[in-house]
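Turn these sequences into a full structure, and let the hints guide you.
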Amino acid sequence: MLEFLAAHKPGHVEWLLLSATLFAIGLYGVLTRRNAVGILISVELMLNSAALNFVVFNRFVAPAACDGQITAIFVIAVAAAEVVVGMAIFVALFRHRGTIDVNRMNTMKD
Amino acid sequence: MPDLPLALQFAWLIPALPFAAFIAVGLGVSPLSKRAAGLVATLAVAAAALCAWLVAWEYYGLYPPDAAHPAIVVWSFEWLPYDAGLSASAGVLLDPIAVLLLVVVTTVSALIHVYSIGYMGGDPGYGRFFTYMNLFTFSMLGLVVAPNIIQMYVCWELVGLSSFLLIGFYYSKPEAVAAAKKAFIVTRFADLGFLIGILLLGFHGHASFAELAPAIAPEAAAQGVANLQAFDFHYLTHPEVLARLQAASVPFLGLSLLTLAMVLVFMGAAGKSAMFPLHIWLPDAMEGPTPVSALIHAATMVVAGVYLVARLMPAFAASGDALAVVMGVGVFTSLFAAVIAVTQDDIKRILAFSTLSQIGYMMLALGVCSPAHPLGYTAGMFHLATHAFFKALLFLCAGAVIHAVHSNNIWDMGGLARKMPITHAAFLAATLAIAGVWPFAGFFSKDEILLAAFSSGHTAVFAAALLVAGLTAFYMFRLYFVTFWGGHRGPHAAHAREAPAVMWVPLAALAAVSAVAGFVPIGSFVSWGEAHEVPHCIDLRIAIPATAIALLGFALAWRLYARDGAGAARAAAALGILYRTIKRKFYVDEAYLAVTKGFIFPYIARPIAWFDRHAVDGGVDLAGWITRTTGRLCRRLQTGQVQTYGVWFVGGILFVLLLLWAALA
Amino acid sequence: MGLVSWLIALPLLTAAAVAAVPARRWRMIRWIAAAGTGAHLILTAATTVLFWQAAAPDAAAMEGALHTKLYLVEQAPWFKPLGIQYYVGVDGLSVSMTILTSIIIFTGVLASWDVATRTKEFFVLLLVLVTGVFGVFLSFDLFLFFMFYELAVLPMYLLIGIWGTGPKEYAAMKLTLMLLVGSAFVLVGFLAVYHAAGLRTFDLLALGRAEFPSDFQKWVFPMIFVGFGVIGALYPLHTWSPDGHSSAPTAVSMLHAGVLMKLGGYGALRIAVYLLPEGAKAWALLFMVLTTINILYGSFAAIVQKDLKYFTAYSSVSHCGFVLFGVASLNFMGLKGAVIQMFSHGIMTGLFFGLIGMVYSRTHSRMIPEMGGLGKVMPWLATAFYLAGLASLGLPGLSGFVAETHVFLGGFFGNPWVDAAVARTLTVIATLSIVVTAVYVLRGLATVFQGPIVNPGFERLTDATWNERIATGLLVAVLVVVGLAPWPFIALIKGALMPLLNRVYQ
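Chains as they are written, first to last, in our numbering: chain A, 1 to 110; chain B, 111 to 775; chain C, 776 to 1281.
Note that these hints are calculated values from the structure, not bench results. These numbers were taken from a predicted model, which means no experiment stands behind them. Even for Gly, the Cβ is constructed at its ideal location relative to N, Cα and C. Honestly, I wouldn't trust all of these hints.
[Stated by the list, open to error] Quick list of the computed label-pair ranges, beta carbon to beta carbon:
| id | chain 1 | residue 1 | chain 2 | residue 2 | range |
| --- | --- | --- | --- | --- | --- |
| 1 | C | 967 | A | 35 | 53 to 61 Å |
| 2 | B | 714 | C | 1145 | 24 to 32 Å |
| 3 | B | 141 | C | 799 | 35 to 43 Å |
| 4 | B | 516 | C | 1229 | 45 to 53 Å |
| 5 | B | 141 | C | 820 | 23 to 31 Å |
| 6 | B | 714 | C | 799 | 52 to 60 Å |
| 7 | B | 770 | C | 794 | 40 to 48 Å |
| 8 | B | 188 | C | 836 | 46 to 54 Å |
This is the structure we're talking about:
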């Protein structure tokens, strides 16, 4: 296994496949999870897949620069802020309504 | 026609005076003073009567008796310009029958107005009554002098309106309201025929107007028709036009156009003159005040149909078949109504059926008329005039009697001869006149009709007319004996009193006319077609059987009714179901009700209303429902859930990608 | 600003004046409205006189004219790239309709003297609506016409929805939606005409000089005719009328049945027949059949109605059938009859609805069987009601007779594009309505006004007040004047009809 890994250093295709898989899992989670926290986690997955893409392209397209890595750090920071805001909303919602099931957040309908 | 005598130039005053009085009394006088209302109305009609007599004098001064009597238009203006050649003017046409009717209508109307001052005195609707009466007099006079068929129709409807208003005069009485409605609707139904007839005549008359008018116009212009139109009687009764109309056929039963049109016009005439089967409104019309019954439903309006047929006589005669219809309807109605009159108990209804019968007589007279035997025309018009006087008199006497005993039922009366001597004498004179006893007016006019039927070869018609004469004598003397002879039956009959002078003076005047009018040599004044020989002496072949059968009727009435009427009750019982059928007027009213209330309302009107609410409106609501349902279905997609939208979004992207891939591959 | 612009602007200015008054002074508001509409009546009279003087010398020239001649014209560009103008003026047709509208709105204001809820908004909307109506009758630019047309239709929704009775929201919605569907057809037709003419102008008279191919006319004519037919109560698109009229407040019913329904006949004549005569010929038969159904169907449906307003609404359906029947018969008498009937029916039905409102305000009922013997306590209203009824059954001496005989003669004489036997049969069927109308009018009125007083409470009811007397008296007077002296009215409209006719028979 280790030999196999040492022998086959992953190229950009493999990295991008990983990132796409992560994105797909995240998207699936966003579309199907009913729990708001689950959705948030899924969004994080998608953001991370995007960040991974930046790093991968930085590594394989322009190894000398570090723009992609800096952007990835930004993404992580923004994601962290977003989680904070999102969780704050969810906590408030939970206090107010006793649930964070998104299917029941439909008071603006009708 | 500028060189006319003054009286003829101002002939338009005759209808205009009652019209002015109608406006003045209706709008101004009546609200101010009730007394003045009756006075103004009566004076206006009396002035019109004076004018009418003057006009008659001047007309026969211009065209002496025994000469040709052209129909002259003395005054007209364009009233309703429909189209080129189709204008309707308002005007005054004078010919012998118009002059005759002017005199009769204004005279009778004036006398009845005087009578009404007494009869209606104290009624809260006094002013309204005279307003309506003036409206009627105006419309009737307008009808008489109509120079074209549109003015005829206009005034025709207006007399119908005044009849409606006056029948329903006591408007809080449901029977009066129902009778007024019935009269208007039945005559309106008949007028539908008149209207379609006018449309046919107008259309086909106009079709050959451009061709024929230049030839006819000078002739008409000589008689005062300045601007000939297709609706003018001068055009419609011209032989050339009639020949065209007679030659045209219609895709309907293979009739000639003229026959169809004239039968339709006659339908209107039959409605207004209450001929079978459109007679049902007249007996009910007796709900109106008695002067109204006398003026409108006996003397004048109901003979408008006869007048219309006489006015269009050339057209009816040219068709021939249409005239046969007139005759048939006339004969049947006169017989039918006379039979019913025998069984009725309401004094006014007896007189109403008698009116029907007598108008049938006039129709019959016109019906036996032909260019070769024009006597019927003269006879019919003569009978119209004499009948107007003696029938008005009968009604006014009946009114006086009703006033005295407070009942319409003849079995509540009795023994009134001593209590009301003047009324009694007048009634007797009128009864003798209508029964056809020499020297009263009815004898002459009835004889002339019989002679017309006999000499034109209509023997069956003659026989039927003779039978009607007998029946007339019978039911009239029945009425006379029951009302004026025997003991006092009703609660009020014992203390009945003679009517006041304002009521009996008109009675006396009418009685005098009824007694002597027969001696007028009518043949010299009113005739149709070529100058012809009208017998000025009594034809004994007719007079003897006619008098004999009248005496027979009288004798039978004497036998059955002179003392107590018990014999009559036995006779009625013996006749059984036949008597009941006659008494119920052959169930014609019931048949009408079955058709209108039993069929048209529930099976036509109601389904249409239902169809409108449910099918047509349902269609609209359906369109709304479809829109709303579509909306509701589309709304399902809009859950408000970001996740649902996401699924659609992702699905859509995948689909587009698939398409792109397929396109590139 | 010319006289014709004033005719359009005056109601709007009155509305502005009403809007400026505080709402609590509702008594003053109605006086302002009455003064404004009364002044409008005077303005209309002045316009009529000026028009008469200007048009009289042209009477002979119009006999053979192919193009409408306008008087008192005012014209200004509005949106040049599309050729939209402010283009107003009068001809005989618009003058007659303006007289009608002016009379109806004046009497309508008098009949709404007692509207106490939201008086201000009521009168503002009413006056805005009537501005639209005047605009339609006076404008000769299709775009302007359409704009005013919508302005006349839309306030109706609020007027019925707020001040109505019964199922008013339903009725308001139904009426507005149906009329808007109609105007959608009209709009498409207008745009098609604009496009096909290729003149980049909405000017009606200019479009009248354009040549439209026969096939084009055949599909656009029914579109415009049916579009206007909706508001003219063409069968089977009439069902907004019974519900709408019966739910609307008095003045709105008067205005709607009296004037707005006339927009249909007016538009059909002014635009559909004028621009697309070939189309009119092609569809004459169908529309003659439909309008014959209209005439009889409405009158039969009226027989069994229990509610006075439904009764009158169905009678309106029948009478508006006469208007469109006259138009469809495509000859001089028919067209003339259609215009006279528009005028006559407008006055008559305005009178009807006004009177129903007045009776309702006393008895608080509109159900015919619940009333009886009212003639004794309110003779004035009863007389006026009877006169309206008699006019509607075509009694000579009142305007209905003039109109109906024209229409019957028109239908009977027919036109070369409809088989003569068919046209005559249809006319004969239509004449049946004179009997049916007599039946329902007399039955209805006899029940309400005659016979004994059925409800002891009715004994205390009072007759018409001064404002009601002025309103009903004016309307009755018009019915009588047109009925007794029809020739001036005929002379007034003749010049406007000749071009229409000449184009059809060209």
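Do the hints match the structure? See the list:
no. : hint                       : verdict
1   : C/967 - A/35: 53 to 61 Å   : holds (58 Å)
2   : B/714 - C/1145: 24 to 32 Å : holds (25 Å)
3   : B/141 - C/799: 35 to 43 Å  : holds (40 Å)
4   : B/516 - C/1229: 45 to 53 Å : violated (27 Å)
5   : B/141 - C/820: 23 to 31 Å  : holds (29 Å)
6   : B/714 - C/799: 52 to 60 Å  : holds (54 Å)
7   : B/770 - C/794: 40 to 48 Å  : violated (60 Å)
8   : B/188 - C/836: 46 to 54 Å  : violated (21 Å)
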